[in-house]
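*Asks:* Sequence:
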Amino acid sequence: MIVRIAGLVFFVLILGGDLLLAPNLLIPFQPLEARIRLLAYTNFVAIAAVIPLVGGGILVGIHQLFHPRKDKGEYATAYRGAWMKIMWITLAAVIVAIPSRFYLGYKVDQAGYVKCVNESRTSAKSSWRVYAKSESLCKDSSGIYGG
19 MIVRIAGLVF
29 FVLILGGDLL
39 LAPNLLIPFQ
49 PLEARIRLLA
59 YTNFVAIAAV
69 IPLVGGGILV
79 GIHQLFHPRK
89 DKGEYATAYR
99 GAWMKIMWIT
109 LAAVIVAIPS
119 RFYLGYKVDQ
129 AGYVKCVNES
139 RTSAKSSWRV
149 YAKSESLCKD
159 SSGIYGG
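Residue 19 is where the sequence shown starts when you use my numbering, and the numbers rise one by one after that.
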C-alpha cells in the first residue's frame, strides 16, 4: 500500500513538472513574441505525450488503490481496455504535436527572426534554439554553465 501511494506521488510530481512546461505547447497557436525559444521536436513531443500517459496512469493507480486485486494477473485483464485508451490518446497527442512544432518553426522562419547563437543550446539530452526579431534582443549567454 505504501509503495502504491509513493508511486502515485512520484507520478503526480512528474505530471506537475510537465504541466509547468505545457505552455510551450500553446506557442504555435499564439502571436509570436519579440523573443521565442523553440524546443527540439523530441522535447516538444515528450511534453505532449507525458500529460495523457502519466495522467492516465495516475487515474489507473488511484482506481487500483481503492479496488485492489488478489492476484497480479488480474490487473492485466482488468485494465487492458483502459491502457489501450490511454495509448490511443497519447498517440493522438503526439500526432498533433509534431505538425504543431513544425508550424511554429515555419512561423518563425516566415517572420524573419534571427537566431540567437549564444543562447541556443544543442546537446544529446536537451536542445533548444532562441530566436528574436532583431540581433539587439539577443543575450550574450544562455545563462547556464558552459553556455
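Since the hints were made in silico from the structure, they are not lab data. Hints are supplied without guarantee of correctness; some may be wrong.
Computed list of lysine-lysine pairs in DSSO-like fashion (alpha-carbon distance at most 27 Å, straight line) [stated by the list, open to error]:
#, residue 1, residue 2
1, K151, K133
2, K157, K125
3, K88, K125
4, K157, K133
5, K88, K103
*Asks:* A separate judgement is required for each hint: does it hold in the structure or not?
*Replies:* Against the structure, the hints:
At roughly 9 Å between alpha-carbon atoms, K151 and K133 fall within 27 Å of each other, so this suggested pair holds. With a CA separation close to 22 Å, the supplied pair K157 and K125 stays within the 27 Å bound. Of the supplied pair hints, the one linking K88 and K125 is violated, its CA atoms being roughly 54 Å apart against a limit of 27 Å. At roughly 11 Å between alpha-carbon atoms, K157 and K133 fall within 27 Å of each other, so this suggested pair holds.
In summary, the hint linking K88 to K103 is supported, as the alpha carbons are separated by about 24 Å, within the 27 Å threshold.
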